[in-house]
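Please construct the entire structure, taking both the sequences and the accompanying hints into account.
Read in the working numbering, the sequence shown has 125 at position 125, and its numbers run on one by one without any break.
Source of the hints: derived by calculation from the structure; they are not laboratory data. Since we're looking at a predicted model, the values are computed, not measured. Note that CB positions come from ideal geometry on N, CA and C, so glycine has one too. Possibly wrong hints are sitting among the right ones.
Unchecked claim - Mimicking DSS-like on lysine-lysine, the simulated pairs with C-alpha atoms at most 25 Å apart in a straight line are:
hint	residue 1	residue 2
1	LYS60	LYS23
2	LYS23	LYS108
3	LYS17	LYS139
4	LYS139	LYS66
5	LYS66	LYS108
6	LYS139	LYS60
7	LYS23	LYS66
8	LYS60	LYS17
To be verified - Each pair of labels, with its calculated beta carbon distance range:
hint	residue 1	residue 2	range
9	GLN109	PRO46	24 to 30 Å
10	GLU65	VAL39	19 to 25 Å
11	HIS20	SER79	27 to 33 Å
12	GLU5	GLN71	18 to 24 Å
13	PRO98	THR21	18 to 24 Å
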Amino acid sequence: MTETEILNRGMAAEISKMGHTDKMMIVDADLAVPNITEVIDVSLAPNVPTAVEVLMEVLKHVSVEKIILSQATVAVSPSRRVEFVSCFEQDIDVEIVPHPMLRDDITKQVQFVIHTGDFTANSNIVLVCAGGLRWYCEKQVSPYRSKGGYFL
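This is the structure:
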């Protein structure tokens with residue numbers, strides 16, 4: 001039996017499948033998710049749990065290189081944007097996209113969605129997984145490729 005602090009079997013299973021650049025999404029109680037996307041529903045009651053509470057627990061188990069938020073989060077619930085960003089120990093790359101793009105396109109591209117009971121408007125966040133902190137590189141390489149490989 002695998003020992004994990006995440007008690008929700010579906011969530012633990014989906015998180016274990018995540019690789020570098022894979023995306024998962026934590027959403028509020030209202031966001032409609034397409035039928036083609038796996039949904040793990042952890043909502044219990046209004047604001048139980050919140051998206052921030054779920055994010056804090058998920059971050060104990062995944063490395064994240066970037067987050068994606070909608071313009072609606074910034075415009076309608078700016079303090080929620082601050083709460084999301086403050087959950088990360090170091091600076092995190094934040095991409096802001098139009099709400100229709102997040103709702104209609106990105107929800108179809110993520111590996112899975114965690115549906116919360118959050119009633120704060122537009123409390124939706126996409127996590128883009130990183131490679132992890134355990135990787136060791138003998139030499140730092142540029143992310144820009146040359147014809148023969150990577151620039152050093």
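Taking the hints in turn, this is what the structure says about them:
{"no.": "1", "hint": "LYS60 <-> LYS23", "result": "holds (16 Å)"}
{"no.": "2", "hint": "LYS23 <-> LYS108", "result": "holds (10 Å)"}
{"no.": "3", "hint": "LYS17 <-> LYS139", "result": "violated (28 Å)"}
{"no.": "4", "hint": "LYS139 <-> LYS66", "result": "holds (23 Å)"}
{"no.": "5", "hint": "LYS66 <-> LYS108", "result": "holds (18 Å)"}
{"no.": "6", "hint": "LYS139 <-> LYS60", "result": "violated (28 Å)"}
{"no.": "7", "hint": "LYS23 <-> LYS66", "result": "holds (10 Å)"}
{"no.": "8", "hint": "LYS60 <-> LYS17", "result": "holds (15 Å)"}
{"no.": "9", "hint": "GLN109 <-> PRO46: 24 to 30 Å", "result": "holds (29 Å)"}
{"no.": "10", "hint": "GLU65 <-> VAL39: 19 to 25 Å", "result": "holds (24 Å)"}
{"no.": "11", "hint": "HIS20 <-> SER79: 27 to 33 Å", "result": "holds (31 Å)"}
{"no.": "12", "hint": "GLU5 <-> GLN71: 18 to 24 Å", "result": "violated (34 Å)"}
{"no.": "13", "hint": "PRO98 <-> THR21: 18 to 24 Å", "result": "holds (22 Å)"}
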